[in-house]
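Chains as they are written, first to last, in our numbering: chain A, 1 to 156; chain B, 1 to 216.
No wet-lab data here; the hints were simulated from the structure.
We treat Cβ as the ideally placed atom computed from N, Cα and C, and that holds for glycine.
Some hints could be false.
[Unchecked claim] Partial pick of chain A residues on the chain B-facing surface, computed with a CB cut under 8 Å: (1) Thr54; (2) Gln101; (3) Gly108; (4) Thr125; (5) Thr126; (6) Lys133; (7) Thr137; (8) Val145.
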Amino acid sequence: MFKKNRHAGLSLLVIIFAALCLPIIIAAGIAQAHGVELEYVERNAIEVTARYDTEDPMAGAQVAVFAPDSPAEPWLTGTCDSAGRFFFVPDPEIPGLWEVQIRHAGHGGLLRIEVDESGISPAGTTGFTGPQKLLMTAAVIWGLVGTALYFSRRRS
Amino acid sequence: MHIPDGIISASAAVSGYAATGGLTWLSLRGIRKQYVNPRTGIPRAALLTAAFFAASLIHIPIPPVSVHLVLSGLMGVILGWFAFPAILVGLLLQAVMFQHGGLTTLGINACLMGLPALLAYFIFRLRYVFGWEKPLPNAVLAFLAAFLAVAFGALMAALLIVHATPAYMDAAAERTAVMALSLAYLPVALIEGIFTAMVVIFLLKVQPDLLEGDRR
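Bound conformation, chain B alone (with noise of 0.2 Å):
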C-alpha cells in the first residue's frame, strides 16, 4: 500500500498532500473538541505509531507476492482523532528511513493508510450508539472495523496505480500484478480484523479506559 516515488503523476501527488492537510486539519479539530487535555492522548498515539512503523517490516508471505500489516483498523480504533497525525508521522519515518513509500507521495499513502484508519473508528463508535458494553459485540464490531479498513485501503490503492500507470507501462500487465496484490490483502484483511479484535477484548479486560476516552 505504500507508493513509491516515481509511480505517480505530480498531479496527483499534490492533490495528495493538499488532502492530507484537509484530512490533518479536520484531526486536530476533532482532537481539540474531544479531549480536555489533548497531551494525554500523545503517550497512547506515540507506543502506536512505533507499532504501525513496525509492523511494516513484519512481511507475510502469500505466494506470489508477501505483504505487511498495515494496522490501519487498529489505529483508528484505539486512536480515534489522533490516528491520522500518527499514520502520517509513521509514513514519513518510514520514508525517510527506509525509503518505504517515498516523500513526493507522503500525502496520497497518508490518504491510502489514514482515511480507512478513520473510518474503522466511525464504524467502532456505533459500540456507543448500541450501547455495547460485553466484549463478544465489541469484538465483533472491532473485527469489522479492522477488515474494512484494509479492504477499503487495498481497494483505494489499486485503483490508484491501475489508473496513473504512465503511458510507456504496460498497462494490462500491471492490472494483472495489482489484482493479484489486491486479492493477497484478504487474507491481511482478515488477520488484523481478529488481531484487532483479540487487543479490543484485552483492553476491555485490563484497562477499558484506553478504548473509553473516545466516548464524546
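Only chain A is shown next, with the shape it has when bound in the complex (with noise of 0.2 Å):
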C-alpha cells in the first residue's frame, strides 16, 4: 500500500513538472515563431529626381516603371519624396530600355534607362543647360524677327 503511494506520489510529481514545463515549452515555440530573419545583398539601384525648369521639386509626383517587356502595364508605380526624388532597383534578368513616367498634373515627362546584364547605364538628363536655352530662344526669337522684316519689306 505504501509502496503503490509512494508510486502515485512520483506519478503526480511528473505531472505536476509537466503541467508546469508545458506552458514554457509552447511559449518558447511561439518565441521561436517571432523570430526574424534579416539579411541584404549590394544591388544598384536607380535615383531618379524630378525638378520643373524652375528647379523646383516636383514633391509628390506620381511615378510609373515599366520594365522593356510590358511597356503598357508598369512594372511598379510610387511616389517622388519632399525633394523630388525616387528610388527604384531594376530587375536585372529583364535587360533593355526601361521608362520611367513621371506625372503631376499634367505636368511631366519620360526618362529612358538603359539596363543591360553588366548594369545600369550611367547618369542621364533629360534638360538642357541655361546657356544652350538661352541661344536656343534668341535663334528663334531672330528667325521670326527676320521674317517679320522680310514679309513687311517694301515692294521695289
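The task is to assemble the complex, starting from two chains supplied on their own in separate frames and drawing on the hints.
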C-alpha cells in the first residue's frame, strides 16, 4: 500500500512538473515563431530626381516604371518624396530600355534608362543647361523677327 | 497647359490632331476672306509668335506651383484668324526645342491654346458691334477676352488631364494636384487680362491700324 502510494506520489510529481513545463515549452515555441531573419545584398538602385525647369522639386509626383518586356503595364508605381526623388532597383533579369514616367497635375516627362546584364547605364538627364536654352530662344526669336522683317519689306 | 508626351491616350492625341487640322483650315479660310493680301498680316503674326514662344519661359511663382504666361488672349485680340496658325508654329518650336509639350500632343495643345485665342478674338470683335472707339471700353473688352481665354484654356486642360489619367496612376491624387494648378491660373488670367488691356490702350494711341486690320 505504502509502496504503491509512493509510486502514485512520484507520478503526481511528474505530472505537476510536466504541467509546469508545458506552458514554458509552448511559450518557447511561440517565441521561435516571432524570430526574424534579416539579410542584405548589394544592389544597384536608380535614383530619379524630378524637377520643374524652375529647379523646384516635383514633390508628390506620381511615378510609373515600365520594364522593357511590358510597355503598357507598369512594373512599379510610386510617389516622389518632398525633394522630388524616387528610388527603384530594376530587375537585372529584364535587360533593355526601362522607362520611368513622372506625372504631376498634367506636367511630366519620360526618362529612358538602358539596363543590360553588366549593369545600369551612367547618369542621364532630359534637360538643357541655361546658356543652351538662352541661345536656342534667341535663335528662334531672331528667326521670327527676320520673318517679320522679310514680309514687311517695301515692294520695289 | 502644355500636355507632354505619354500623359494622354493615343486616341486623344489623334483626335487632337484631327481637330487642329480642321481649325487650321478654318483659320486659313478666315484669313483669305479678311485680307486682300494675306502677306500684310504675316509680320504681326511672326512677332507675336516670338512673344508667345518666349512667354512660356517666364515663370510666375504662385506657391505651391509655378505657372507661366500663355498669351492666348493677346494672340486672339491682335491677330484674329492668324492666331491659330501662329500658336501652332509657336507650340511646334517649344516642343522640339525644349520638350515643352510634345510632338504627339501638339494637336491637343494647339486646341487647348488656339481655341481660347479664337474665343478672345470673337469677344474683342464685339467692339465693332457696339461701335466703341474710346480706349476705356476697348480696354475692358480686351481684359475680359484675355481673362476668359486663360480661364477657358485652364478648364479644358484640367478636364482633359483628369479624364485621361491612365488606370495605373492614382486618379484621386492627380485630381487634387490638377485642382491646385487650375486655381493657380486665376492670377495668371488676371495678369494677362491687365496686360492685354494695356497693350490695346497703347496700340489705340500709337498705331490703331494694328487692331483695325480685323474690321471686316
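Hints, one by one, checked against the model:
no.: 1; hint: Thr54; result: holds, 5 Å
no.: 2; hint: Gln101; result: holds, 6 Å
no.: 3; hint: Gly108; result: holds, 5 Å
no.: 4; hint: Thr125; result: violated, 12 Å
no.: 5; hint: Thr126; result: holds, 7 Å
no.: 6; hint: Lys133; result: holds, 7 Å
no.: 7; hint: Thr137; result: holds, 6 Å
no.: 8; hint: Val145; result: holds, 6 Å
Of the numbered hints stated above, the single one contradicted by the structure is hint 4.
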